[in-house]
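Undergrad: Sequence lines, in order, name chains A and S. Using this note's numbering, read the first sequence as starting at 1 and increasing by one per residue. Using this note's numbering, read the second sequence as starting at 1 and increasing by one per residue.
Accuracy of the hints is not assured; some may be wrong.
The list treats identical chains as one, so a pair stands whether inside a single copy or across any two.
No more than 25 Å apart at the CA atoms, straight line, and that leaves these computed lysine-lysine pairs for DSS-like [claimed, not checked]: (1) K125 x K79; (2) K242 x K121; (3) K100 x K240; (4) K209 x K121; (5) K121 x K234; (6) K125 x K214; (7) K260 x K226; (8) K121 x K214; (9) K225 x K240; (10) K79 x K90; (11) K290 x K260; (12) K125 x K112; (13) K225 x K242.
Hints were generated in silico from the structure; no laboratory data involved. This structure is a prediction, so every number in the text was calculated from the model and none was measured.
Given next are the chains, with one letter for each unit.
2 protein chains.
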Amino acid sequence: MTNRISRLFNVQYPIIQGGMIWCSGWELASAVSNAGGLGLIGAGSMYPDVLREHIQKAKKVTNKPFGVNIPLIYPDTEKLIEIIIEEGVKVVFTSAGNPKKWTKYLQDNGIKVAHVIANSKLVAKCEEAGVDAIVAEGFEAGGHNGFEETTTMTLIPKVREFTVLPVIAAGGIATGRQMLSAMVLGADGVQIGSRFVASEEASAHINFKNEVLKTQEGGTDLMFKKLIPVRLIKNEFQQKVKDAENRGATKEELTEILGKARAKLGMFEGDLVEGELEIGQVVSIINEIKPVSHIISDIVLEYKVAKEQMVHVKYEF
Amino acid sequence: MTNRISRLFNVQYPIIQGGMIWCSGWELASAVSNAGGLGLIGAGSMYPDVLREHIQKAKKVTNKPFGVNIPLIYPDTEKLIEIIIEEGVKVVFTSAGNPKKWTKYLQDNGIKVAHVIANSKLVAKCEEAGVDAIVAEGFEAGGHNGFEETTTMTLIPKVREFTVLPVIAAGGIATGRQMLSAMVLGADGVQIGSRFVASEEASAHINFKNEVLKTQEGGTDLMFKKLIPVRLIKNEFQQKVKDAENRGATKEELTEILGKARAKLGMFEGDLVEGELEIGQVVSIINEIKPVSHIISDIVLEYKVAKEQMVHVKYEF
């Protein structure tokens with residue numbers, strides 16, 4: 001059985017692993033693709049040569065489709081895209097920028113393009129750009145979130161109202177039940193990030209993975225609303241930012257507090273005190289590091305059980 | 001057909017109309033109950049004598065069960081509860097306080113009690129108090145939201161994990177599709193607020209109802225995070241608060257800016273400039289004032305269609 005998303009990307013399940021800086025390299029992406037989902041290499045934390053190496057390594061261990069996520073705010077975009085084309089990658093997810101700039105060029109080179117948005121006003125831009133699918137990401141997500149703070153429950157129906165394009169829901173999804181819930185809201189597939197951070201194959205530092213298991217509800221906060229909002233695990237660094245924001249710090253002060261390479265320090269080098277630890281709210285229900293293949297089979301099984309339960313048991317009235 | 005919530009409250013549909021200050025008087029509550037849901041009179045904006053009048057008027061126009069919502073932070077709680085008992089109301093929803101204080105007393109007087117929480121840590125308190133049901137309210141809701149900012153998509157599965165009690169999902173729910181989505185996440189019923197503000201029977205000022213229709217995505221913001229968080233439509237008053245918060249205003253300064261009777265001014269007297277206009281994010285998909293009976297039949301129909309669609313068409317893979 002297939003649906004619009006699985007057909008579009010030529011995968012078994014409409015489950016996309018979100019591209020995450022410092023966490024989703026070739027090992028995670030290829031494991032997800034081998035397990036029937038769509039793996040994405042997160043190019044946001046990679047120099048062009050590093051991205052090429054990751055793509056080549058992924059190709060060696062999977063013959064299934066995988067893709068690359070590119071946040072368009074980074075300076076090397078053009079070089080990254082040339083490498084993606086040269087290496088024959090067939091899927092690109094773009095985010096944090098205007099989808100018009102690269103979509104057609106990528107498609108002309110045989111690549112399917114999805115663009116990430118966090119509010120329904122950007123649907124029109126995606127349609128004008130001619131993207132193949134839209135990722136709609138709610139406030140609860142761990143990524144770069146929208147200023148509107150729209151949650152997945154309110155965002156997906158609104159995006160669905162505005163487009164007939166395939167919609168991929170992101171934010172707050174880690175289980176099969178949440179996946180089914182997003183599909184009911186109007187999504188054709190889901191993008192899952194946080195759940196895959198706590199996988200054996202994620203390139204995140206083990207300290208960060210363990211912190212993900214420990215973090216409870218209320219353990220994250222959306223920070224840097226004056227710059228580009230991002231959801232962080234609460235720690236000393238995040239508290240420093242919070243204090244600054246509470247006393248009304250300017251953009252310049254916040255940029256200075258952020259400094260350089262905070263995300264690498266936290267997520268890749270494992271400094272839980274001074275590092276930036278990006279994660280979604282759904283972290284509160286993640287309590288085990290597992291191989292990717294188990295994570296995906298868990299999600300698929302729970303999805304099927306939830307669906308059966310809905311049909312036969314609980315929801316009639 | 002019934003489920004745990006419809007049986008508990010003896011109603012046709014597991015749809016609860018949220019108690020809302022200045023919006024949900026006897027007319028709204030009785031209309032919801034007459035249409036097969038559970039109507040709640042919002043006592044938060046009522047003096048004891050006013051509540052008695054509303055209960056008596058509701059009893060005259062419906063013989064279906066209805067309830068009263070009491071925010072436990074208000075000073076008149078004891079008097080309100082005595083009136084509820086004297087008037088023979090059979091359902092009370094409590095919020096913003098400790099459920100231990102009143103639950104048993106209410107139950108001893110033949111009343112079913114539900115308590116509203118915004119984070120799963122409070123599940124244990126609800127269980128200790130012996131409530132009959134838990135309302136779990138996400139960040140997107142219009143009410144007094146939790147400090148954890150947990151969204152409905154992440155909150156409901158977490159609450160479900162911690163309890164076997166009936167769970168009512170609130171926040172981001174205005175349609176049958178959103179209702180089904182919440183049921184898939186583990187809820188047994190839904191509480192809907194904002195959608196009922198834009199009803200003919202709501203006691204909200206017509207200016208406020210029209211503003212609800214106009215408000216788009218990103219048109220609300222969670223304010224007063226240093227006091228008790230509440231989601232407001234963006235207007236001059238809200239901007240004044242935002243500016244103060246951005247420059248790091250203290251609790252005292254914020255309390256002074258809030259002043260007295262802001263919510264009444266905005267929602268009941270229709271001052272869209274200086275008034276406080278409480279609403280949920282889901283306001284962005286509400287675009288018509290309708291009679292309550294139509295709102296409920298719309299929700300029920302869409303719920304059934306969404307369920308059929310999921311079973312037969314779209315979601316197999």
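Undergrad: Give a verdict on every hint.
TA: Results for each hint:
1. K125 x K79: within (24 Å within a copy, 56 Å between copies)
2. K242 x K121: between (29 Å within a copy, 23 Å between copies)
3. K100 x K240: Intra 37 Å, inter 37 Å, cutoff 25 Å: neither.
4. K209 x K121: Between copies only: 23 Å across chains, 35 Å inside a chain, cut-off 25 Å.
5. K121 x K234: This pair counts as between: shortest inter-copy Cα distance 17 Å, intra-copy 31 Å.
6. K125 x K214: between (39 Å within a copy, 22 Å between copies)
7. K260 x K226: within (17 Å within a copy, 30 Å between copies)
8. K121 x K214: between (36 Å within a copy, 15 Å between copies)
9. K225 x K240: both (14 Å within a copy, 18 Å between copies)
10. K79 x K90: within (17 Å within a copy, 68 Å between copies)
11. K290 x K260: Neither. Shortest intra-copy (31 Å) and inter-copy (54 Å) distances fail the 25 Å Cα cut-off.
12. K125 x K112: within (17 Å within a copy, 50 Å between copies)
13. K225 x K242: Close inside one copy (11 Å) and across copies (13 Å); limit 25 Å.
Checked against the numbered hints listed earlier, the structure breaks hints 3 and 11; every other hint is satisfied.
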